[in-house]
Structure formats: C-alpha cells, structure tokens
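Produce the entire structure from the sequences given, and follow the hints as far as they go.
Respectively, the protein sequence lines represent chains U and P.
Residues 43 to 345 (my numbering) are what the first sequence spells out, left to right.
Residues 780 to 1423 (my numbering) are what the second sequence spells out, left to right.
Honestly, the hints are just simulated from the structure, not real lab data.
Owing to the predicted nature of the structure, the values given are computational and were not obtained by experimental measurement.
Beta carbons are placed, not taken as given, at the ideal position from N, Cα and C, and that holds for glycine.
One thing to keep in mind: the hints can contain errors.
[Unchecked claim] Stretches of chain P that chain U covers, calculated by requiring three or more beta carbons in the stretch to come under 8 angstroms of a beta carbon on chain U:
1. 1040-1048
2. 1054-1067
3. 1140-1147
4. 1290-1301
5. 1412-1419
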Amino acid sequence: MNGKRMKLMVILMLLVCVGIAQARIKLVALPERAATVIRLDNPMATLIEEERVLTLQKGLNKVDFSWKGVSIDADSIRLRALDHPDDKVTLLSVSYPPNEAALVWDISSDGDYAETVRISYLLSNIDRLITYKAVADKPETYVDLKSYLVLRNFSGEDFDKARVLLDYGEAFEQGIDHEETKQMLFLKADKVPIIKVWTFDAAKLPWDPEKLENKNVGIPVSYRIVNDTKSGLGEFALWGGKARLFQDDGHESTIFLGEDVTGLVPVGEKTELYIGDSRDIVVTQRKMKDERINLQKNNDEGQ
Amino acid sequence: MNRHLTEQELIEFQFKLASDVQRAEISGHLQECASCREHMEQLQRKFSSLDLLHEEIKASDDLISSVIEHARQPVRKRIISVSRPAWLSAAAAVLLVGFILLASHLTEKQSQDREFARKGDQPRIEEEIRPEQPIEGVITKSPADKTVVLSKPSSAVAKLETEINGRSDTEVRYALALREEKTKAINRSLDFEGGKPLKDTISEQPPFAPASAIELVVLPRRDKVQLTIYNSANLTLVRERRNLTLKRGWNWLQFMWANTLIDPTSLNLEPLAQADKIDIQQLVFPARLRELGRWLIRSEVSGQVPFEITYFTSGLNWRAFYIGTLAEDEKSMQLHGYVRVGNNSGEDYENAQTRLIVGKVHILDQIAELAKRQYPYNRPGGPPIIERWAHIRDVDGDAIALYNGTETVQLDARFLKLRPREIKKEGLSEYFLYTIEGTETIADKWSKRLLSFKAEDIKVKSLYKYDEERWGPQTIRFVAFTNDEEHNLGQTPIPNGNVKIYNQADSQEYLSYVGGTDIKYIPVNEEVELNLGPARLVKFEPTLTDFKTENYVYDRKGNIAGWDEMRTWKIEITNTRELPIELEITRGFGTTYWTLQSNTPYEKHDATHARFEVNLEPRSKRAFGYMVITYHGLREESLTKTTK
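Printed below as a string of structure tokens:
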C-alpha cells in the first residue's frame, strides 16, 4: 500500500473488541500489505490477491475490511488463512455493515497468532490490453510481429510492487499507480509467414460500373496469420487486440499499411487482418439476361 | 541610383553575390547615402551574430542563399500565445537564479574534472557513474534544438554563456537545459570510451521517475524527419531520427506532445545501433501528468546512440488535382498532375522528407480522436467524454532559425531551388508511394503545391453520351483516355482528385475553360472518362411516333394473360460544333423481354438496355429510328422459346 497517496482507501483493520458498536467507533491495527498479485487472465475482471499479517488473539476476532474510492465487488471478497489453514484459525461468518463499503469477518482462533492471510477480490477499472505491431517485408511473405501489453490502472489504488500474472508465461513484478498506463513488450516473433488475400464478394460489393457514378470499389485485402509452430508461434492463444501493420519500403523505412482488430486466436487457428482496399483490381459484372424458364402452371391458368 | 538599396541588394553586395557592375553601383551609392550605410551596418551586425555559432555550424553558401530567400519573403509574424510569456518569464527567473548558483559550483567542479581528466584518475570516474540516477531526457518539438557538444568539454561552458546572452526567454530556458547536459557531459567525458560497456553492474530495479510537473530537460537534436502522409485518412506517419546520450544503466526518456495532434498509442522508439545492448523496457504514461510519455531504457553502453521515434499524427493532408489542356482539334491533351500538401498539425516540420501515400488504408480510430483522449489508452469502463481541442502553437519563424539546419540539408535545398522538385513513385503492397525529392519545410497552417507529373500529347477521344436514366434529357460531354503507355501515361495509377479541362481557344494559345469534374482513382491500363457536364452544342431529340399493343393471349377464364407493346421512336441529333462528334446513345426498356428493329446498328448493352453509336459531321443533323417490342405476361415465354 502506497503511503504517499491519500487516495488510498482500502483499509484492513483488526478490531480488538468483542462486539461491533452501532456507530462503529474503531480502534484498529493496520496490517502491512505483503505480497500482492494482480491476475489479468480474465479480460472481463481483474482479480487482486494480497497477503497481510493479522495479529489474532485467542477466541473471536473481528476483522474489518473497508474501502473507499475504489470499486470492489463485495461478493467477490475471499479470505484464506495461510499459516493455519486447519481448524486452528476458522472463518466463522462475514457481515456487511449498513451503508458502508466494508465487510467484517468473524475469525475464530485457538491461540495468539501472527497469521498470514490472503485476501482476494475483484477490482474494477484495472485491466490490460494487447496491441500488435507487425512489419511486413517488401514482397509481403512474412511479418516481424511484436505484441505489447498495456496495463491500465484507474482503480483508485496505487500498486507499488505487484506480481502481475497473465494466463500464461511467468509472473513479473510491476508497480503501477492510479491513473497510470504502462506499455511493455510482451511477445516478439520474427518472420511469421503471411498469406495475402484479396476477397471480392458480389453480395457485399457493388459491381455495375455504371451505378457507381465515378467511385472506386476497393477489393478488401487481408493478411492471414496462423498461430502455429510453423509460424514461430503456437505456444499459446493470441489475445485479441488492435493490430497495426507496416511494410518495409526498401529505403530503411516503413509505410503504414492499415490496422484491424483481431479476436482471440487459439493455437492452430488463423486470423485475418484486414489492412485496406486494393483499387488496382477492378471487378466488373453486368447482367445480360434475366429469364424465367420451366414455369409450371395449374390447368386453370394455362391457355 | 536614385533610390535606396533594398535589403536583398545589400545582402548580395555583402556576400559578393552581385555582379561587378552592380557592386560598383552599390558601393558608390553607399558612399553617398547615409541611410543605406546605416542599413548595411545593421545587416553586418546581424550576420556577425552568426559567429556565436561558428564552432558548430559554418555560415556556408547555402546558408547565405537561405538568408537571401528569407529576405525576399514577407516577414512572418511571431504569434505568442497568451499563457506562454507568463510561464516562460517565471521559468526564466527561476532558472536564472539557478544559473547563478550553478555557475559558481560549475567552475569549481569543472576545474576538478579537467584535473582528473589529465590524470586519468579511474576511481573518480567510477564515482561519477551512478547507475541508479537516470539521465532525464526530453524530446520536444523545438526545431531549433542542437546537439550536445561532447568533444570540447573545456570550452563548452564558456561558449554556452556566450550563447545565453541576447536570447529570448524560450531560448534561455533551452540553453540552461543544455548547460546542465553539458555539465553532465563534462563529468562523464571519460566514461564514453566509444560506447564500450563498463564493468560495473546495472541495478536490477529501474530507477524511480518522479511524476513531477517541473522538469529540467535536455533537448536532443532532431536530425532527420520523414513524413508519410495518407490522403484516404487524416493520418501521417512521422519518423524522426535523433541522437540520444545514454548512460550505462537505466535511463528515462521523456516525450511530450502538448498542443499537437499526435496519437500517443502509436509512439515507438527503436535504437538504430547497439540494439542488442539497449532494451526499451516500457513506455509509461504517468499518473496525473498529461500529454507526455516516458520510456524506460536499460542500456549496457554509454554514449551517443542514434534512435528512431515513430508516431502517427493528424492534421497533415494532401490531395491531388489535375489541369488538362485540349489541343484545338480535341484529339490530344496535355495533362499536369499536382499534389497539394497542407499542414494543420500544430507543428512546423522543417527540412522533412515528405512522402505521400496513394491508397485506401483501413483504420479503426481517427487519429485526431486518439490525440484528444485524456488518457492514451482511455480508461477501463469507458472513457469520460471530454472535448479537448488541441491549441495551435505559435509560429516560430525568426531569422536565426535559418542557421540551425545542417549544412547538407541546406546544400540540397540550394540546388533544388533551381528547378521544380521531382516526385519519385513506386508501388508498395496495395499503395503507391510518392516521395518528394529532397526535403520540404512545411510550416504549420501552410500548404505547398508540387508538380506530380506532366504528360504531353495524350491521345484523347471526345465523346458525347445520352442516357436519360443517368443524366436526364441532355447530352453529356466526355473526354476519354487510358492510363497506359500508349497515352504517355501508365507509369502509376492516377490518384482521385479534381480535374479542370481547358481548350486551346486559338493559335495564340489563349485558353477557354471547358469544364471540371472529380475523377476516381485510375489504375494502370484503366480507361478514364472525364465527365465535363452537359454539352450545349449537341442536341438530342427523341420522339415517340407510334405506340400499339398486340398479340394478346388469354387464360381459360378469358382474362388477358399476356401481350406485346410496340413503340416506334424517331431520334434527331444536331451537332452545332465545328468538329465532328461521336455520340453514344443508351436506351432502356424497363424489362428484360424485348426485341429491337433498326437500320442503325446497335448492341445489347445489358439485359434491359440497347446502345447505339453514331458519328456526326461538323454542323450537321442526323436522324434515325427504331422500333422496340416489349413482351409482357405469358408473352415473355414466347421470347424465351424464340431465343432458345
């Protein structure tokens, strides 16, 4: 927990008392936050797990967990004793004080312990994005692919040092403040083969030149990338995100080809990134005949 | 000489650019005219101020030609934003106090450093390397920034003090920042060793970068700028090359883009040398600070490293347009293609290599919208909508800026002024890349027009068309040609744009305006027809002379189940022009079941249309007729059986 920031609102309090007064006047100890894990494997929600040391007394202990200025799903909060997971330290009940962003754990302890507990909760407004940057070679046969992880923290909470976990790969240590965004290289794969695809669909694109009235019809162009070992990928599913594609122009520089959003690409599957339209391929179609043939009639309608 | 000398004449005299005769005249005039003498002295003082910079940049011929060019142009006003002077004054005052304190400290420290440098005292060098303290570097938009001089540490400070005198508050702030860097450079002068790694270990933990709004910064020079401008989207890829001074260990590099239209999600930094020893670990958009990003760089080397920074910006644009001139016989045409490049980005781009992309690029978000975001990647849970239009920076166009370019660039510029720029064209993927020769300076709010191509003697076909369904009851004039080598074109596609066609009105090459239109993108080998609007001098009059129905068929109940309709049309065409014409007539019948009888040849254009092509002599009339039978209901089947 960052002591410098007054906005820090998650307060864990050990109430050394036997009952909760109605007005909730509290004399509390403030346990230090130990290891913190930010788990970003689910794009819909971010799980925070933090460890704290509670000084438990023999008998009933009331532990108050409250927060302010952050958005925690109260139903998601879980507590687990790590030192005495057996019957020596037992969570008896959880109660929610009225009109407060808080909950109170009743914990039974059979002795005086400095107990390490792990608290888990879903915290809103902290997440990650994935972006891709691909640079194609001049003949458009492969791309050098880079993927960036973008951590965004607008949760209201500063994390000085946290272990960040994705759904694969090693956890890494990273601090991130409230309102801070960090972008870091996440994946680098050189010479990933691509197939360039032009797609004309007469059901979607206009084809009668006289009805276009001086407008071009672009034929959509995509790069197809397969997430497999042949491509130098295939270790894990590629997360969805915005991809920006560039091309080596042969003059020690690149041009921007286009951008698209890719969905999740499981191992073995392919993705097609639409980069732009070709206007050098022109498809012209004209209806020359429109006839009904082999008509079957009732006797009444026939001649 | 009965008039005062102009500034240009004085400059040409001063730098011996005028002819001997002119110089003699000017010299004589100067002896007689006190006003011109004073003007001359003022100019000489102005040029002598260049000596301040002579160690770094020579006042070469190209500089002189730039000055002359500048003198020819009207003086550009320097617009200062309201908020800036107050801030700058405050900053200058604070920095001035800091400078006085620093100066005394520096003199002492510098003498120590020189002593250590002579002795080669290694422990002292080690003391100067503090891996946990990063160098704070900032890349700003200043076009006047300079490189840090590392080769002459002993003279650097004295020279710097000279530089500070007589500068504006903006420049003082810059110079003090430079001074700080020079001081650091002096301290580290023995640390460089040609970029070789030193032996001490780099801390595992990156240093803390304070989210402070008060900065003391270094301004690395923008060595090279390349702009790749798209016309299908408001997007420009900017590529800058800068030499950055890294220290071994952790370095923070800060990039600020206030008041520009840069997309921060596109920021990318790459080392162009020692890439295996330099690791760009992350890009941080700090909390509470807006419009800046910080790269955290882990470097195993110390010294200057060239870096490339790329990003997208909006506000730069280009468009193509064309001017065609038809020959008197309208059988050939001269076509000039132009591009017009405009800059509304809030940033001046000096001596930038400019490239234009022809093609339709797919983008998901408008760059201008990304530039306006409060947070670069927005915030989870949806962005709060905040309207925040970027303010446009003041234009910095004073004369000293002329001397801040490198010699090579200005040398190119001097020669390129002698002839129009050429545009090199090449295909890449589905795009065409137009690279404008040399470099261009495109100041904010300015635009430039450049010749893209020039094609002479393009064979064209003057064509008139009549199609009521498309253009109503009027004849439309077209000029048609093909984008191929046979027509002296065909090297590249022709980008979409407006075209204006003129006609040679007489032998004295007076022109008359024929018409204008927008053309679509024309691929190579594709025919283009320029629609020049209604043709007043070609009349087309269709008249329905007869209509009847026949061949009724009935069902078993006696109801009509099919019939034929016969229409007879008379067509009269009048050509009042003094040139022969070709007219394409398209007639539609509203059904796919039809037959047509005519003495004039026609072709079935598609299922519902027939097309005639007729030629008319100058000032002539022509008439022809046709009869069309359309089949309805059960009679449609009779046509199907006939055609089988």
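Against the structure, the hints come out as follows:
Coverage of the region 1040-1048 of chain P by chain U holds. Counting CB-CB distances below 8 angstroms, 3 residues qualify, and the rule asks for three or more. Counting residues of the region 1054-1067 of chain P whose CB lies closer than 8 angstroms to any CB of chain U gives 9, which reaches the minimum of 3, so the coverage claim holds. With 4 residues carrying a beta carbon less than 8 angstroms from a beta carbon of chain U, the region 1140-1147 of chain P meets the three-residue requirement, and the given coverage holds. Coverage of a stretch by a chain is defined here by at least three residues with a beta carbon nearer than 8 angstroms to that chain's beta carbons; for the region 1290-1301 of chain P and chain U the count is 5, and the condition holds.
Only residues whose beta carbon comes within less than 8 angstroms of a beta carbon in chain U count, and the region 1412-1419 of chain P has 4; three or more means the coverage holds.
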